[in-house]
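Put chain P on the given structure of chain F with help from the hints.
Next come the chains, spelled out residue by residue.
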Amino acid sequence: DQQVKQNSPSLSVQEGRISILNCDYTNSMFDYFLWYKKYPAEGPTFLISISSIKDKNEDGRFTVFLNKSAKHLSLHIVPSQPGDSAVYFCAASSLYNFNKFYFGSGTKLNVKP
Amino acid sequence: NAGVTQTPKFQVLKTGQSMTLQCAQDMNHEYMSWYRQDPGMGLRLIHYSVGAGITDQGEVPNGYNVSRSTTEDFPLRLLSAAPSQTSVYFCASSYEGGSNTGELFFGEGSRLTVL
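From first to last, the protein sequence lines are chains F and P.
Taking the working numbering, I'd label the letters of the first sequence as residues 269 to 381.
Taking the working numbering, I'd label the letters of the second sequence as residues 2 to 116.
Chain F with its partners taken away, still in its complex shape (with noise of 0.2 Å):
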């Protein structure tokens, strides 16, 4: 059973608006969370991250929210713009043992000029 999931395979959205990527967990003992993004034959690359300790965390355009109680994150990108256009895959692990990533199914996303 996936201990990382990311609901929406695919989502599409005008360029310059915002896009939300959502992630859900299901251990509770997970506190540590990254995104990654994918091109089309290039490995995942990492993108932003957040600890346990915050709820949010900034970096440019991009925002990670975290909700603890509802085992849930959000990666939300404003503005969007076409060259954002990859899969995104949320991944999980403890700090106890962060070498253990659990990955998400990822999310395709589309930014239409």
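Read the hints as simulated data drawn from the structure, not as lab findings.
Simulated DEER-style distance windows between Cβ atoms:
hint: 1; chain 1: F; residue 1: 308; chain 2: P; residue 2: 116; range: 21 to 31 Å
hint: 2; chain 1: P; residue 1: 19; chain 2: F; residue 2: 273; range: 31 to 41 Å
hint: 3; chain 1: F; residue 1: 344; chain 2: P; residue 2: 81; range: 42 to 52 Å
Under the rule of at most 20 Å between Cα atoms (straight-line distance), these lysine to any residue pairs were calculated in the SDA-like manner:
hint: 4; chain 1: F; residue 1: 305; chain 2: P; residue 2: 89
hint: 5; chain 1: F; residue 1: 368; chain 2: P; residue 2: 60
hint: 6; chain 1: F; residue 1: 368; chain 2: P; residue 2: 63
hint: 7; chain 1: F; residue 1: 322; chain 2: P; residue 2: 104
hint: 8; chain 1: F; residue 1: 368; chain 2: P; residue 2: 30
hint: 9; chain 1: F; residue 1: 368; chain 2: P; residue 2: 66
hint: 10; chain 1: F; residue 1: 368; chain 2: P; residue 2: 51
hint: 11; chain 1: F; residue 1: 368; chain 2: P; residue 2: 57
hint: 12; chain 1: F; residue 1: 305; chain 2: F; residue 2: 376
hint: 13; chain 1: F; residue 1: 305; chain 2: P; residue 2: 112
hint: 14; chain 1: F; residue 1: 305; chain 2: P; residue 2: 109
hint: 15; chain 1: F; residue 1: 368; chain 2: P; residue 2: 56
hint: 16; chain 1: F; residue 1: 376; chain 2: P; residue 2: 40
hint: 17; chain 1: F; residue 1: 368; chain 2: P; residue 2: 52
hint: 18; chain 1: F; residue 1: 376; chain 2: P; residue 2: 39
hint: 19; chain 1: F; residue 1: 368; chain 2: P; residue 2: 65
hint: 20; chain 1: F; residue 1: 305; chain 2: F; residue 2: 325
hint: 21; chain 1: F; residue 1: 368; chain 2: P; residue 2: 64
hint: 22; chain 1: F; residue 1: 305; chain 2: P; residue 2: 6
hint: 23; chain 1: F; residue 1: 305; chain 2: P; residue 2: 4
hint: 24; chain 1: F; residue 1: 368; chain 2: P; residue 2: 58
hint: 25; chain 1: F; residue 1: 368; chain 2: P; residue 2: 55
hint: 26; chain 1: F; residue 1: 273; chain 2: P; residue 2: 41
hint: 27; chain 1: F; residue 1: 273; chain 2: P; residue 2: 39
hint: 28; chain 1: F; residue 1: 368; chain 2: P; residue 2: 59
Computed from a predicted structure; not experimentally measured.
Idealized CB from N, CA, C, for every residue including glycine.
Quick look at chain P alone, frame taken from chain F:
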């Protein structure tokens, strides 16, 4: 700086054949890992290593072997390939500390087809 290098990028095997996927990193990272990516499943951890001589199992270790004799290299061996091992394989490395603890640096992937 090459980062994480995987070879081969593409491979076709017949059921029962064996092969090794190579992974090398030049960032002196202590931690290395192998993931497989399947449609609708995301990336799943196969095996990982916290340093030379130390390996451990991930979520889906069956059918795969690993060893870590040097910091740089972490090969993944398929002893007897099965069609269920058709997938895209990613090697990753990481290090403790820094601003993004545990951030994974991925290779470009190796696409394996088992007929």
